[in-house]
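Trainee: In case you want the letters, here they are:
Number of protein chains: 2
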Amino acid sequence: MKTEMRAAVDIGALLRLVREEMRCALSPEDGEPAEFYAAMQYAVGWADEQLRPADIGGGKLFRPRLCLLSCAAAGGDSSIAVPAAAATELLHSFTLVHDDIQDGSLQRHHRPAMWRLIGMPLALNAGDAIYATSHVVLASLARRGVEHALVLQALEQFDLCARRLCEGQHLDISYERRESVSYAEYQAMIERKTGALMGFACYLGALVGGADQSVLEQYRRFGEHIGAGYQIHDDLASVWHEASSTGKRPMEDIYSRKKSYPAVRAFESATGDAAARLREIYAGTSVCDEDALWVRELMTELGLREEGRARVRQCMGAALDALSASDASGPAEAQLREFAEALLS
Amino acid sequence: MKTEMRAAVDIGALLRLVREEMRCALSPEDGEPAEFYAAMQYAVGWADEQLRPADIGGGKLFRPRLCLLSCAAAGGDSSIAVPAAAATELLHSFTLVHDDIQDGSLQRHHRPAMWRLIGMPLALNAGDAIYATSHVVLASLARRGVEHALVLQALEQFDLCARRLCEGQHLDISYERRESVSYAEYQAMIERKTGALMGFACYLGALVGGADQSVLEQYRRFGEHIGAGYQIHDDLASVWHEASSTGKRPMEDIYSRKKSYPAVRAFESATGDAAARLREIYAGTSVCDEDALWVRELMTELGLREEGRARVRQCMGAALDALSASDASGPAEAQLREFAEALLS
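Going down the list, the sequences are from chains A and B.
The first sequence finishes on residue 345 if you use the working numbering, and the numbering steps up by one all the way, no holes.
The second sequence finishes on residue 690 if you use the working numbering, and the numbering steps up by one all the way, no holes.
Some hints here could point you the wrong way.
Unchecked claim - Here's a subset of chain B near chain A, in silico, CB distances under 10 Å, partners left out: (1) 377; (2) 492; (3) 493; (4) 496; (5) 500; (6) 506; (7) 514; (8) 515; (9) 516.
As the list claims (entries may be wrong) - Far from chain A by the CB rule (all over 10 Å, computed), these chain B residues: (10) 399; (11) 452; (12) 562; (13) 615; (14) 674.
Worth flagging that the hints you see were computed from the coordinates, not collected in a lab.
Just so it is clear, CB atoms sit at the ideal spot from N, CA and C, and this is done for glycine as well.
Can you build the whole structure from these sequences, using the hints too?
Mentor: The following block contains the structure:
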């Protein structure tokens, strides 16, 4: 729904409401079995490692930010979009719980992955339940006065987006077993795994904010490009030792032989002996320090850091083009641009 | 929506439409990655072990049956409820894919569990995607002329039901680690794990069929009691060698030391040396043939087979009471009773 107020959005205050919405959704009145609900609270930073109530903080809430700002930029009252924003973060949290099981990752947000606390079977189940809950939260938009037809549209697009995330996850897992992956294949993966939900968060915010149907896809494209750019940015950070936003150790992606942006492009660009050694390292079962440093050096020599940064700038440009083609305006539109710039630089 | 036709439902024809609906939902136009969609098709019997298209059949479609018959019994046109019925079966299929991962089960419907074909990470992911898809199918009711408010209600209840299934799964997994489980605890588990979705299938069918809001909970209760009775019936079948509907080997639940109905009641009823030997057997890591036969003999002596059958009859009676308190009528109401009787005898 449209509002005439176009003041800047107090994003900090709104994000506190989003976290509160998540806490309430995962604390139903007859919340039994208690351990089941506590495990879900743990995933979103509302329980400690003993599964006792605590305010740990948790994720960076990028998707709720995009959702709330898109709502306001479309001329809506972003407080109405709080459940929508919470649903995007719950969906994201569910994927992280399952990712950690799939990858055998030990840590998440500097805390033990959930499966290490309660075991794989219960953690898998808690992930499912977080996903179930995300729908209940999104459906509650109808009680905030959002038109039924729009809530239905939001719910249908929500699960098409979720399935796209699963497509991306399928590709990501499949690529681990492959010797090499082309840049086009990498792109198909990150568009789904990172782009789809950031794009949907913007689409959803604009939809709740009353944007015309004709511009919703522009909002989505804005978020998708931001998401793809963010993924490449993060891949570069992992190799070149900048503080990675995910808190991973330096060169983690090289040590784990991940098909990240610089790896994919190094396989496409390296020739002769360098190509052979690269293939050998990535075909092995572990990477020693000397090899990791050699791989980074090769990537640097191939100019992949600059190339990657140029790709990130391209994504930023495409995102801003999409935003310009939408009906976003006012202070929140400026906040969206600022957020995008901060994320990608 | 109500219809004046109250002919008997051609359930076979409708179930073919349900299976076709599931196949279409899991075969989107740009169905890439192909292996991802093929894995989902495998789960619902539309792909073989090489993940090639095939019509294997798959589950017994109890939940779609309940949904379609409830729709007709409420006076609705059950062909409208086909996507609703398909959504309940997709939800069920998703839980089976994840169950098999959690339990390490090797077989499902006499075929390899999905994780054995494509590995745990991809199977977990395919399960998530089946769940995502179930929502898209359910939301499509709006395009069949069902009122938006009712579709929203269906979607919200769908995920509250899914979360209840997860509560049940949490209890089931937790009970494995416990020495003993009381009958009340067992009941709390089966109400959620088996009762909730059968209950929701009836609720959903009646809702689509245009039943008054005041009787929807009676339809749900009918299905919940049928579900609980079916679980006890199945638990009895596993011990007393009748052909188990799930195709398990005789006494499977004793060999796997499952906290099934007869085990739970044997722990509550046995005394003295028998109780001690029972505890010892269930605390071990495997059960030999001699011990399994002894356990079954004990259960027989304790009268648990008759007691269990009486419980099943109680469930049947409670289910029929709920059905009588609903507005179900006509030939489909008789078909619902017949189905319930066939399931529990």
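Trainee: For each hint, tell me whether it holds in the structure or not.
Mentor: Hint check:
Given hint, residue 377 (chain B) at the interface with chain A, holds; its Cβ is 7 Å from that chain's nearest Cβ, closer than 10 Å. A cut of 10 Å between beta carbons decides the hint on residue 492 (chain B): the least distance to chain A is about 9 Å, and the hint holds. Satisfaction of the interface hint for residue 493 (chain B) is found here, the shortest Cβ-Cβ separation to chain A being roughly 4 Å, below the 10 Å cut-off. The criterion of a C-beta within 10 Å of any C-beta in chain A is met by residue 496 (chain B), whose closest approach is roughly 6 Å, and the hint holds.
Because the smallest distance between the Cβ of residue 500 (chain B) and any Cβ of chain A comes to about 6 Å, under 10 Å, the interface hint for this residue holds. Satisfaction of the interface hint for residue 506 (chain B) is found here, the shortest Cβ-Cβ separation to chain A being roughly 9 Å, below the 10 Å cut-off. Look at residue 514 (chain B): its Cβ gets to within about 5 Å of chain A, closer than 10 Å, so that hint holds up. For residue 515 (chain B), the shortest C-beta to C-beta distance to chain A is roughly 4 Å, which falls under 10 Å, so the interface hint holds.
The interface hint given for residue 516 (chain B) is met, as the beta carbon of that residue sits about 6 Å from the closest beta carbon of chain A, less than 10 Å. Every CB of chain A lies more than 10 Å from the CB of residue 399 (chain B), the least distance being 21 Å, so the non-interface label holds. The Cβ of residue 452 (chain B) lies farther than 10 Å from every Cβ of chain A, with a closest approach of about 18 Å, so its non-interface assignment holds. The beta carbon of residue 562 (chain B) is kept farther than 10 Å from every beta carbon of chain A, the shortest such distance being approximately 17 Å.
No Cβ of chain A approaches the Cβ of residue 615 (chain B) within 10 Å, the least distance being about 27 Å, so the stated non-interface status holds. Against the 10 Å criterion, residue 674 (chain B) stays outside the reach of chain A, whose nearest CB is about 30 Å from its own CB.
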